[in-house]
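Participant: My numbering applies: residue 1 is where the sequence shown begins, and numbers increase by one.
Any given hint might turn out to be false.
Pair ranges (Cβ atoms, derived) [unchecked claim]: (1) S19 to W50: 12 to 22 Å; (2) D22 to E48: 14 to 24 Å; (3) D14 to D45: 32 to 42 Å; (4) A17 to R57: 15 to 25 Å; (5) R46 to A26: 14 to 24 Å; (6) A15 to D45: 34 to 44 Å; (7) D14 to R46: 28 to 38 Å; (8) W42 to D14: 28 to 38 Å; (9) D14 to P55: 13 to 23 Å; (10) R18 to R57: 13 to 23 Å; (11) T34 to P55: 14 to 24 Å; (12) S43 to A15: 33 to 43 Å; (13) D45 to V16: 26 to 36 Å.
Simulated from the structure, these hints should not be mistaken for laboratory data. Just so we're clear, the structure is a prediction, and the values are computed from it rather than from any experiment. C-beta atoms are modelled at their ideal positions from N, C-alpha and C, and glycine is treated no differently.
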Amino acid sequence: MAGYDRRLFERAGDAVARSAVDVYAALCNIDVYTVLTGERGWSPDRVERWWGEAPARELLG
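Could you build the full structure based on these sequences and the hints that come with them?
Facilitator: In structure tokens form, the structure reads like this:
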């Protein structure tokens, strides 16, 4: 599987990197914090925990 992942990355090249940056920017945007804590009722600690888990899950999962 790792070989397949590497080949996919080599073929996709910059498109994968740009997509990864987009995902990271969307997840870690301060507006996300504002929505989650202000509108959705999340505690700041819950957002911090989610920010600690979500990027790895979304980018590497």
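Participant: Look at each hint and say if it fits the structure.
Facilitator: Outcome of the hint check:
In this structure the hint that S19 and W50 lie 12 to 22 Å apart at CB holds, the actual value being about 21 Å. A hinted range of 14 to 24 Å for the beta carbons of D22 and E48 is consistent with their spacing of about 22 Å. Here the CB-CB span from D14 to D45 is close to 36 Å, well matched to the stated 32 to 42 Å. Hint check: A17 to R57, Cβ distance near 18 Å, so the stated range 15 to 25 Å holds.
Our hint of 14 to 24 Å for R46 and A26 holds, since their Cβ atoms are close to 18 Å apart. Taken as a hint, the range 34 to 44 Å holds for the pair A15 and D45, whose Cβ atoms sit roughly 36 Å apart. For D14 and R46, the hinted distance range of 28 to 38 Å is satisfied, since their beta carbons lie about 34 Å from each other. Roughly 34 Å separates the CB atoms of W42 and D14, a value that falls within the hinted 28 to 38 Å.
Judged by the Cβ atoms, the range 13 to 23 Å given for D14 and P55 holds: they are separated by roughly 20 Å. The supplied range of 13 to 23 Å is met by R18 and R57, whose beta-carbon atoms lie about 19 Å from each other. The supplied range of 14 to 24 Å is met by T34 and P55, whose beta-carbon atoms lie about 18 Å from each other. A beta carbon spacing of about 37 Å between S43 and A15 agrees with the range 33 to 43 Å that was offered as a hint.
With their beta carbons about 32 Å apart, D45 and V16 fall inside the hinted range of 26 to 36 Å.
Violated hints for the displayed structure: none, as all numbered hints are satisfied.
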